[in-house]
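As you go down the protein sequences, you meet chains X and G in turn. First residue of the first sequence: 6, per the numbering used here; consecutive thereafter. First residue of the second sequence: 1459, per the numbering used here; consecutive thereafter.
To be clear, the hints were calculated from the coordinates, so they are not data collected in a lab. Be aware that one or more of the hints could be misleading.
Straight-line Cα separation of at most 27 Å, BS3-like style, residue types lysine-lysine; simulated pairs [claimed, not checked]: (1) 106(X) - 1474(G); (2) 1537(G) - 278(X); (3) 1474(G) - 277(X); (4) 308(X) - 79(X); (5) 106(X) - 1537(G); (6) 1480(G) - 278(X); (7) 277(X) - 1480(G); (8) 431(X) - 1480(G); (9) 1474(G) - 1537(G); (10) 471(X) - 461(X); (11) 430(X) - 1480(G); (12) 461(X) - 233(X); (13) 1537(G) - 277(X); (14) 109(X) - 1537(G); (15) 1480(G) - 109(X); (16) 461(X) - 79(X); (17) 1474(G) - 109(X).
A few chain G residues that don't get close to chain X, going by computed Cβ distances all over 10 Å [stated by the list, open to error]: (18) 1475; (19) 1477; (20) 1481; (21) 1482; (22) 1505; (23) 1541.
Computed from a predicted model, the values in this text were never measured in an experiment. Built from N, CA and C at the ideal position, the CB exists for glycine as well.
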Amino acid sequence: MNNIEVVLVFVSLFVLFVALGFWSSRFRKGDLSDLGEWALAGRRLGSYLAWFLIGADLYTAYTFIAIPESVFLKGAVFYYAVPYVGMTFGVAMVTMPRLWKMAKTNNYVTAVDMVRDKFNSRTLALIIALTGIVAELPYIALQIYGMQAVLTVMIGQLVTSNAATLTEISLIIAFIILAAFTFTSGLRGAVVTAVMKDVIIFTTVIVVIVLVPIYIGGFGHAISSLPKLPTGGATLAPLYLNGFVSLSIMSALALYLYPHAINGVLSTSSTKKLRMSTALLPIYGVGLALLALFGLLVYGSSKALALVHMYGVVTAVPSLIYAYFPPWFVGFAFLGIFIGGLVPASIMAISQANLLTRNVIKPYYSKMTAKTEARMSKYFSVMFKFIALAFIFLIQATYSLQLQLVGGIIVLQTLPAIFLALYTKKLEKWSVGVGWAAGMITGLTMLLYANFVQFKFTSLATTFFKFNTPLGFLYVGLIALVVNLLVTVVGSAVVGVARPQKVTAPGAGGKK
Amino acid sequence: MTTSEVSVDELSLEVKGTTAQKTVVALLLLIPIVVFALTPLYNQAGPRLFGLTFFYWFEVLWLFVTAAFYTCAAFMLNKMEAGKK
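Generate coordinates for the entire structure from the input sequences, incorporating the hints supplied.
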């Protein structure tokens, strides 16, 4: 294959992507020194753009790299991502318009703004903000793994030596460029480039899913060539049923607790448009499902398998594309996967920066002006991108999906403070705080126990806990959330009986 | 601020509608989720489609159904929301 052509197409499209990113600061012009303008694109996104933007939160390296890799390596249990996508938008249809209305009335930029008012507690708000920030880190790291996977195949096929160093340098350059246009354009940059990314990705997925089965003799051939996969190949192994269900339901609850997803929601222009775009988002899941199937298709192709063995399981999708398509298409598809990591990384860093400025620093420096707030967020968004990049260079993960699932365990602990507080005033701040702590401790302890004692892994390789009962495998996030909810609800009830007058938090107490 | 006090913002959060409307919306949102959660229902090898086992293709099909259900729910909710003004 002419690998120079792959790189040429890739680089030209990347230049276009960067140009779009910078141009977008003029898109629906607003005062970018205001946080609402920079971070929420002025709350003016209609159904289509919101669809692309929130879709970009979902259609990430998680979809292109992590899920196919896991299906390839472990089998059917990781197809849980399909029910997850189907369910999560149902959760969003119920919770998000409500949050949107509160945010609009009270000028909230983050969900933590709401937590602060609902519980009238700066400390609880601080805890929830920090939890959100920490939970995003492994999710951003996963994006970088995805980008690295593409570069590994592309650069590995181009040069004979120093491929690893070249890959690292390319990654750093890409991040500097990304940081620069996120700084200038804010969420507008992510919205405009999300459209480009999705056009490329949708085209790629459709072309690959139609042509590859034809080349390799159909899905039937791929399925019958499957080796014995640990969690089942043609169907799900019964032992993993609870694992499958707990992963999908918990992931569905977790997505809209992530600061970046809420950020996307709050940037829409009305609840009507928010509902319509959310309702149509399961269509994105079809692309996700097809990409997950690429993980199985690899087994039908000796060419793709050889590449995967050479470059590692993380390259399942890039290898499959590389094995069958002409150079220009490979360049096109690789760029799609590459910016499929970059765009979400940008959105995630913006939402982390908002939380850090607004909910961690600002409460302690009440004199901060709106301009300072926005400027600070811009610098923090740069900082978070490089923290995630450093994370990748320092920590060698065994397989990428686990990063996102660990983030899930963490972010799920904010469910009582965010989702439940949307509906009830009966939660009491101390109980929510202790529930959070109980959930975190349970989750992290079980995670460590499962990996290093139960399964005796040398690194973090699973988020399942194995029960020697008919329960089988369960996602640690579920157990941690149950503990958290029990403490929160029982605690609130007890305090409610003991001193009823203290239970109610003012509806919009901290409003300026 | 007393226990009984409810701010105006809180009241305007409720979407107004008849019980029948609310039930239909609830079903439109719940049916897709419940079917997805009943994994043993679709954890089958056959019938196959394009060589794919039922487990894999049913979930893709159900995503389309889900989107259709949610869209109906969104239309109804949007109408109910507009109606109250």
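Hints and how they fare:
With a CA separation close to 15 Å, the supplied pair residue 106(X) and residue 1474(G) stays within the 27 Å bound. As the CA atoms of residue 1537(G) and residue 278(X) are separated by approximately 12 Å, the hinted pair is consistent with the 27 Å bound. Annotation: proposed proximity of residue 1474(G) to residue 277(X) holds, straight-line Cα distance about 14 Å (limit 27 Å). Between residue 308(X) and residue 79(X) the CA atoms are separated by roughly 20 Å; this keeps the pair inside 27 Å, and the hint holds.
Between residue 106(X) and residue 1537(G) the CA atoms are separated by roughly 16 Å; this keeps the pair inside 27 Å, and the hint holds. Taking the CA atoms of residue 1480(G) and residue 278(X), the gap is about 20 Å. The hint holds against a cut of 27 Å. Restraint check for residue 277(X) and residue 1480(G): satisfied, since their Cα atoms lie roughly 17 Å apart, inside the 27 Å limit. At most 27 Å may separate the alpha-carbon atoms for a hinted pair to count; residue 431(X) and residue 1480(G) meet this at roughly 24 Å.
Taking the CA atoms of residue 1474(G) and residue 1537(G), the gap is about 10 Å. The hint holds against a cut of 27 Å. Under the criterion of a C-alpha separation no larger than 27 Å, the hint pairing residue 471(X) with residue 461(X) is consistent with the structure, at around 12 Å. Proximity of residue 430(X) to residue 1480(G) is assessed by CA-CA distance (about 23 Å); at most 27 Å being required, the pair is judged to hold. Note on residue 461(X) and residue 233(X): the hinted pairing holds, with a Cα-Cα distance of about 22 Å set against a maximum of 27 Å.
A threshold of 27 Å between alpha carbons decides the hint, and for residue 1537(G) with residue 277(X) the separation of about 9 Å falls inside it, so the pair holds. As the CA atoms of residue 109(X) and residue 1537(G) are separated by approximately 20 Å, the hinted pair is consistent with the 27 Å bound. With a C-alpha separation of about 24 Å, the suggested pair residue 1480(G) and residue 109(X) falls inside the 27 Å cut-off, and the hint holds. Between residue 461(X) and residue 79(X) the alpha-carbon distance is near 17 Å, which keeps this suggested pair within the 27 Å criterion.
Between residue 1474(G) and residue 109(X), the direct Cα distance comes to roughly 19 Å. Compliance with the 27 Å bound is thereby established for this hinted pair. The Cβ of residue 1475(G) lies farther than 10 Å from every Cβ of chain X, with a closest approach of about 14 Å, so its non-interface assignment holds. Residue 1477(G), annotated as away from the interface, keeps every beta carbon of chain X farther than 10 Å; the closest lies near 17 Å. Listed as outside the interface, residue 1481(G) is consistent with that label: its C-beta sits roughly 14 Å from the nearest C-beta of chain X, beyond the 10 Å cut-off.
Its beta-carbon lying about 14 Å from the closest one in chain X, residue 1482(G) satisfies the requirement of being farther than 10 Å from that chain. The Cβ of residue 1505(G) sits about 13 Å from the closest Cβ of chain X, beyond the 10 Å cut-off, so the non-interface label holds. Residue placement check: residue 1541(G) keeps its beta carbon more than 10 Å from all beta carbons of chain X (closest about 12 Å).
Checked against the numbered hints given earlier, this structure breaks none of them.
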